[in-house]
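Read top to bottom, the protein sequences are chains A and B.
Using my numbering, the letters of the first sequence map in sequence onto residues 2 to 110.
Using my numbering, the letters of the second sequence map in sequence onto residues 584 to 728.
Everything labelled a hint here was simulated from the structure, so no lab data went into it.
Because the structure is a prediction, the values reported are computed rather than measured.
You may find that some hints are simply not true.
[Claimed, not checked] Part of the chain A face toward chain B, derived, beta carbon under 7 Å:
#1 L77
#2 V78
#3 V79
#4 I82
#5 V84
#6 V91
#7 T94
#8 F102
Note that the Cβ used here is the ideal one computed from N, Cα and C, for glycine as well.
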Amino acid sequence: MSLYNLPNSTTGIDAIIVDTATAVPIFIPMLLMFIFVTVLLGGSTAQRKRTGFSDLPLWSVLASISTLMVSLPLTLVVGIINVLTLSIVVVVTLLCGLWFFTSRNRYEV
Amino acid sequence: MGEIKFIAGLVMFALFSIAITTYAISFANDNNAAVDLGNDSKFVNLNTQIKENVTKFSITDVNDSSTAFFTSTIEAGDETMGGGGAFKVGLSSVLGSVSSLMSVTKTYLFGGSNLFGIFLAAISGLLLYTGIRYVYKTWVGKNPD
Numbered sequence: 002m003s004l005y006n007l008p009n010s011t012t013g014i015d016a017i018i019v020d021t022a023t024a025v026p027i028f029i030p031m032l033l034m035f036i037f038v039t040v041l042l043g044g045s046t047a048q049r050k051r052t053g054f055s056d057l058p059l060w061s062v063l064a065s066i067s068t069l070m071v072s073l074p075l076t077l078v079v080g081i082i083n084v085l086t087l088s089i090v091v092v093v094t095l096l097c098g099l100w101f102f103t104s105r106n107r108y109e110v
Numbered sequence: 584m585g586e587i588k589f590i591a592g593l594v595m596f597a598l599f600s601i602a603i604t605t606y607a608i609s610f611a612n613d614n615n616a617a618v619d620l621g622n623d624s625k626f627v628n629l630n631t632q633i634k635e636n637v638t639k640f641s642i643t644d645v646n647d648s649s650t651a652f653f654t655s656t657i658e659a660g661d662e663t664m665g666g667g668g669a670f671k672v673g674l675s676s677v678l679g680s681v682s683s684l685m686s687v688t689k690t691y692l693f694g695g696s697n698l699f700g701i702f703l704a705a706i707s708g709l710l711l712y713t714g715i716r717y718v719y720k721t722w723v724g725k726n727p728d
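The task is simple: from the sequences and hints, build the whole structure.
The following block contains the structure:
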């Protein structure tokens, strides 16, 4: 008995992704988490290096929208992403938007 | 964060929420996606509810409050006029030009689609609300900023 069934690569790249997501259900959520954290930390760190401060609310919005933009094409094929994961991405995006629009910029009084 | 910035932030958040949820739902409809956020009744209700809230703010609330504001009076003081007519002049008529611009914007920039009507109405309403708050603060002698 094998731990992991190799995907059938002769049926196209989407079948490989579906087989991988089926065999490892946490794969897609972790991929989206990786994208979110990479944009958030990469952007805020680069901004801190250049300007001396980082606007975390802004970068959280950019990171969440980036994650949403990646997750939406994944909804086109059955088996890659489920509606719960997509809902969590949308909710996180809305929460980041609330943080951004109600946060006070350091230059504001 | 002052009152004006806070209300403006909440209106912008509401429009942001409408944009995100509508985009996610429309993406699924346009592309026949297997996973459709529109099948989740909670998101559809959220979208509808926020649209109703923004419409109520930008049309009903702002119209009611602006009508009440332009007819309101306060007790006259040494540097305060009871009617405040000198401060109220210009706001409604000048903002009319913004509404005209929004109509042209909707026609030519957004193809006359009613989907963008709520954004333009919210921006017009927010401008009127902000103007009223500025006029009121100036009228009663507070710092308008």
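Hints breached by this structure
When the structure is compared with the hints, none of them turns out to be violated.
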